[in-house]
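Protein chains: 2
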Amino acid sequence: MKTQSELVVKKFGGTSVGSIERIENVAERIMQDFQNGQKPIVVASAMSGETNRLVRLAADINPQYRGLAYDMLLASGEQVSIALLSMALEKRGLKAKPLLAYQLGIRTDSIFSQAKITSVDSDKLTDLVSKDIIPIVAGFQGVNPDGSITTLGRGGSDTTAVALAAALGCEQVEIYTDVPKVFTADPRLIPKAREISRLSFEEMMEMASLGSKVLHFRCVELAAKFNVKIHVRSTFETREGTWVVAEDEKMENPVVSAVTHDASTAIVKLFPVPFGPSFLALLFDSLANKGVIVDIITQSYNEEGQRLAFSVNESDLYMVDEVLKSLSIDAKIVVLRDMAKLSVVGVGMANHPGVAARFFNVLSQKEVPIHLVTTSDIKISAVIDRKNLDKAAQSLHTEFELDKE
Amino acid sequence: MKTQSELVVKKFGGTSVGSIERIENVAERIMQDFQNGQKPIVVASAMSGETNRLVRLAADINPQYRGLAYDMLLASGEQVSIALLSMALEKRGLKAKPLLAYQLGIRTDSIFSQAKITSVDSDKLTDLVSKDIIPIVAGFQGVNPDGSITTLGRGGSDTTAVALAAALGCEQVEIYTDVPKVFTADPRLIPKAREISRLSFEEMMEMASLGSKVLHFRCVELAAKFNVKIHVRSTFETREGTWVVAEDEKMENPVVSAVTHDASTAIVKLFPVPFGPSFLALLFDSLANKGVIVDIITQSYNEEGQRLAFSVNESDLYMVDEVLKSLSIDAKIVVLRDMAKLSVVGVGMANHPGVAARFFNVLSQKEVPIHLVTTSDIKISAVIDRKNLDKAAQSLHTEFELDKE
Chain P
8 MKTQSELVVK KFGGTSVGSI ERIENVAERI MQDFQNGQKP IVVASAMSGE
58 TNRLVRLAAD INPQYRGLAY DMLLASGEQV SIALLSMALE KRGLKAKPLL
108 AYQLGIRTDS IFSQAKITSV DSDKLTDLVS KDIIPIVAGF QGVNPDGSIT
158 TLGRGGSDTT AVALAAALGC EQVEIYTDVP KVFTADPRLI PKAREISRLS
208 FEEMMEMASL GSKVLHFRCV ELAAKFNVKI HVRSTFETRE GTWVVAEDEK
258 MENPVVSAVT HDASTAIVKL FPVPFGPSFL ALLFDSLANK GVIVDIITQS
308 YNEEGQRLAF SVNESDLYMV DEVLKSLSID AKIVVLRDMA KLSVVGVGMA
358 NHPGVAARFF NVLSQKEVPI HLVTTSDIKI SAVIDRKNLD KAAQSLHTEF
408 ELDKE
Chain G
8 MKTQSELVVK KFGGTSVGSI ERIENVAERI MQDFQNGQKP IVVASAMSGE
58 TNRLVRLAAD INPQYRGLAY DMLLASGEQV SIALLSMALE KRGLKAKPLL
108 AYQLGIRTDS IFSQAKITSV DSDKLTDLVS KDIIPIVAGF QGVNPDGSIT
158 TLGRGGSDTT AVALAAALGC EQVEIYTDVP KVFTADPRLI PKAREISRLS
208 FEEMMEMASL GSKVLHFRCV ELAAKFNVKI HVRSTFETRE GTWVVAEDEK
258 MENPVVSAVT HDASTAIVKL FPVPFGPSFL ALLFDSLANK GVIVDIITQS
308 YNEEGQRLAF SVNESDLYMV DEVLKSLSID AKIVVLRDMA KLSVVGVGMA
358 NHPGVAARFF NVLSQKEVPI HLVTTSDIKI SAVIDRKNLD KAAQSLHTEF
408 ELDKE
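Listed in order, the protein sequences are those of chains P and G.
Residues 8 to 412 (my numbering) are what the first sequence spells out, left to right.
Residues 8 to 412 (my numbering) are what the second sequence spells out, left to right.
These are calculated hints, taken from the structure and not from any lab test.
Note that this is a predicted model, so its numbers are computed, not measured.
Just so you know, even glycine gets a beta-carbon here, dropped at the ideal spot from N, CA and C.
Hints may contain errors.
DSS-like mimics (lysine-lysine), calculated; alpha carbons at most 25 Å apart, straight line [as the list claims (entries may be wrong)]:
| id | chain 1 | residue 1 | chain 2 | residue 2 |
| --- | --- | --- | --- | --- |
| 1 | P | Lys102 | G | Lys332 |
| 2 | P | Lys232 | P | Lys220 |
| 3 | P | Lys98 | G | Lys332 |
Sample of chain P residues with no beta-carbon within 12 Å of chain G, all distances over it, derived [to be verified]:
| id | residue |
| --- | --- |
| 4 | Phe41 |
| 5 | Gln71 |
| 6 | Ser83 |
| 7 | Ala95 |
| 8 | Gln110 |
| 9 | Thr125 |
| 10 | Val150 |
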């Protein structure tokens, strides 16, 4: 794979192309980059609101249905935005070509709504670029071996952009969004949140899986795999955003880089459950088959029997209920709603002992009970009552010196 | 081409799939046909209103733009409706597969927005049908040799349906619409209009080009070429509709089968214009290049000079104006707006002399001035003032014995 540094893959999210006015703004920006000698390859999401409109249409017919037809339906949103963006560029005298996944050979497996990209033909893109035609690529979509449209799941357009950059041998990809940088915490929750200028892939992956909505896990994972730097920046400002890079490129490593949260958590407790792993395998297999992502799992055993607790997204509770009913489990089931998962993330944690102690101390001082805990080399997460989220997050943000000076 | 009489291509128009409720209704109808042993192949248009929404989005960026991006944009409408219809069928326990033009190899030339189908792979369709999977095909779209989406122009989904039927060797195609039959005249204009049970391809083609909106010219032309009978019927009723068939299958040939009209006509008159055909060639070439369809053309010559008059669709007047300006013609230009073209059509006319005389007599008795006239073997058309359209149409409808008894 040859490095083609003049090629820049630019991805514009749903809010960036959310209206005709904003599409014109994006076209203006691309034109300036093109005139400055860049060779842009553009990836666009559906206009904001459009995917939700399509989801509602589908739900009116069958709220449970997922599969080939659903993916074809959702993929139409990107088709509209890339066509309009191409028209806006052509109006400015540039040559642009809107391209769908089947035209570019963005091949995936056949897991509808969660498809993974298996390969991308980059020849067509380089050919267009060599003729000064700006490729405008539909994000979020691929084609399976049968030639049917697949979609890549939430944040799929980011993944498309990184996959194209990797296939083209680009060093970086620009992800344009509605925030100027990645923050140390959600600024709506913590007004003192600071902007982060550099993050490691590992930190960003943890943040994504812990509730930060700026980038999605799979996109960062793919960028790490192919060492494509991600430049997250605002569509509405020109200043530099946040760089997500390999750890060795990151100069300073604060102990904790960010506080993240996920406010839509619920806990399911079962007692007593059959002893041994076969029951757990059956339960979590059944949940996975229904698309329920189980996050933290704990079990404990004493003379009274085995206890099991796990956290899920609150919106998946009805599916959990269905699965538990289908397994006819003879156990007391307790569901705790209105929970939140609060986490601190930082590659510096690996070399700084005592972070966990500081974490628990803060929550204890603020009298915040902890329901579940999980840790890794670079993060600590606790599930707490949602009503305590604000004060707990603010205290951790201060404790780990993330507040604005 | 083997005749596969069990296969039935069914095309549902925009109003037939215009809401979730109507899509469910169509699914119900297809299910019944399937359960009765039919092997349906379904073609669907975009939900009514959707194409207009997309056209407005495009117009907000560039009202003049036509081309690749525009066709990709418009084609998204059918993608939505076929996905939803497939979901509605699967909900009913049937197997259905939504299919886009690129998946079926519906190949066209590269004339965007007016593409002509060059070939269709029917193997994939017969393969699906043999597995009891109902193909749900996006109408209106094709792919050009480059693999880009093209669209077939107004009424394109009808053309898709006929092309599939021809490729599959079907004897007939069902066109489901919002009227139960083709009428002897527009019932909104002439309350006494009768339903027609059988029409020849030639009559239907004339009617289509003279303003009847039920079927489009190209669809009927293609059906005539491959001798595919068209059954026009209502989505909301089960009774038989109108059959459009080869002339030799038509039992009764009334002198006049229908009165049609086009209420959006305008006339352009030029005097004096340069003598000879070179000026006319230049003028009509320039108009064609701008996409202006010139309908009736007359010219006359006397000692004062050469006079030219032609009729166009009123909405094309601004393009005509542009072309005339660009040619810097040194002639007086008179534009007559608010005109209407009124026609009588019937294969019986070829064998019944005197139809033209009856036509002109009626208009003369009703004191309706005629601005332009054109005739063929099976039709007579006159451009008249729009304000006279109602009484003229009613009188002709009565004169040629088309009124309900």
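Check each numbered hint from earlier against the structure, then list the numbers of those it violates in ascending order. 1, 5, 6, 7, 8, 10
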